[in-house]
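**Student:** Protein chains in written order, with our numbering: chain U, 1 to 142; chain D, 1 to 155.
Hints are computed from structural coordinates only; laboratory data are not their basis.
Hints may be right or wrong, so weigh each one.
[Stated by the list, open to error] To give a feel for the contact side, a few chain D residues facing chain U, derived at Cβ under 10 Å:
| # | residue |
| --- | --- |
| 1 | Ala3 |
| 2 | Thr10 |
| 3 | Val22 |
| 4 | Ser38 |
| 5 | Trp50 |
| 6 | Gly68 |
| 7 | Ala72 |
| 8 | Leu96 |
| 9 | Leu99 |
| 10 | Leu127 |
| 11 | Ala131 |
| 12 | Ala146 |
| 13 | Arg152 |
| 14 | Met154 |
[Claimed, not checked] According to the in silico footprint, chain U covers these stretches of chain D (three or more CB under 8 Å from chain U):
| # | stretch |
| --- | --- |
| 15 | 14-20 |
| 16 | 31-37 |
| 17 | 43-49 |
Cβ coordinates follow ideal geometry from the N, Cα and C atoms, glycine included.
Chain residues, written in single-letter form:
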Amino acid sequence: MDHQQLALVVRYAHVAAMAAAFGGALLVTWLAWRLPRDRVVDVAVRYEQLFWLAAGVLVMTGVGNLGAFGAALPAPGSAWGRTFIAKLVLIALLLIVSLPRSLAVLRAAARPAAPARLRPIYTTTAAILAGIAALAVGLAHG
Amino acid sequence: MSALGWVLGTFHTAAVGLALLVLAYPGGGLGVALASLSTITGLALFIALWGITVFATSRSIRGLDLVGGAAAGYHRRALRWGALNGLLFLWSLAALLALQQLITAPGTLQPQSLLLGAGFVGGLGSLFALAVGAVVGLALASIDLAGLALARWMA
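Construct the complete structure from the given sequences, taking the supplied hints into account.
**Tutor:** Here you go:
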């Protein structure tokens with residue numbers, strides 16, 4: 001596999017991981033608003049496992065995508081660089097929100113009788129992921 | 001591997017990866033630094049970091065009921081397993097870079113430089129990796145416990 005084919009595979013993996021994380025977040029958000037808590041927690045536990053797989057793949061392939069720029073990587077002061085820094089800030093925010101969310105879901109699964117604030121945390125997750133996706137589209141297409 | 005080990009280990013990997021990006025990009029040398037690694041080596045390096053971190057995190061939480069709120073001794077375990085994580089990552093990095101050199105430029109890796117590199121990685125480099133790993137492990141354990149406190153409020 002030559003360098004360009006590999007770069008394309010890395011890019012596809014990045015998009016697929018984002019689709020899984022964002023699509024899953026939208027699905028769990030929708031379920032959390034429509035169904036009782038006990039029917040959502042099982043789906044949420046599965047989503048959390050998938051989310052962290054997607055998060056790892058996103059960071060890995062994101063660095064790979066940056067590497068494909070090589071020395072031509074735009075400077076931090078350029079419009080692209082400022083958008084990229086904004087994306088990094090949103091990704092940091094996503095990680096900060098996602099750790100307690102995942103732990104809360106695991107806790108809710110272990111303690112079925114306890115209340116869980118699933119609606120606001122999944123709505124927030126989906127909103128942050130929408131922001132990241134919007135910035136990513138801007139970075140890819142200018 | 002438990003679901004908690006997977007969540008915390010992957011969080012640690014992603015947080016370290018993101019922190020390195022945030023530190024390296026504003027300086028302006030990130031593109032050149034990444035270009036010196038082949039894509040395959042970069043991916044292999046990240047997968048090594050990910051695997052080692054999930055393993056070390058899973059071992060550091062074994063026997064603790066963190067989700068239930070029993071976190072006594074977690075910092076001490078994180079210090080120990082974080083140090084081992086740093087050491088294993090350094091050795092993986094050295095092995096992968098040597099392998100890349102062997103594959104992409106066969107014959108250019110002299111036995112003397114290989115021995116010198118192995119001596120540095122096995123000596124001073126290992127001590128440095130142990131110390132950095134321990135500090136990072138301790139910091140991440142504190143973040144985990146803050147996350148757990150928030151999780152208890154959420155559910």
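**Student:** Now look at each hint and say whether the structure bears it out.
**Tutor:** To see whether the hints hold, each was checked on the structure:
{"no.": "1", "hint": "Ala3", "in the structure": "holds, 6 Å"}
{"no.": "2", "hint": "Thr10", "in the structure": "holds, 4 Å"}
{"no.": "3", "hint": "Val22", "in the structure": "holds, 6 Å"}
{"no.": "4", "hint": "Ser38", "in the structure": "holds, 8 Å"}
{"no.": "5", "hint": "Trp50", "in the structure": "holds, 6 Å"}
{"no.": "6", "hint": "Gly68", "in the structure": "holds, 7 Å"}
{"no.": "7", "hint": "Ala72", "in the structure": "violated, 17 Å"}
{"no.": "8", "hint": "Leu96", "in the structure": "violated, 14 Å"}
{"no.": "9", "hint": "Leu99", "in the structure": "violated, 17 Å"}
{"no.": "10", "hint": "Leu127", "in the structure": "violated, 27 Å"}
{"no.": "11", "hint": "Ala131", "in the structure": "violated, 24 Å"}
{"no.": "12", "hint": "Ala146", "in the structure": "holds, 8 Å"}
{"no.": "13", "hint": "Arg152", "in the structure": "holds, 7 Å"}
{"no.": "14", "hint": "Met154", "in the structure": "holds, 4 Å"}
{"no.": "15", "hint": "14-20", "in the structure": "holds (count 4)"}
{"no.": "16", "hint": "31-37", "in the structure": "holds (count 5)"}
{"no.": "17", "hint": "43-49", "in the structure": "holds (count 3)"}
Checked against the numbered hints given earlier, the structure breaks hints 7, 8, 9, 10, 11 and satisfies all the rest.
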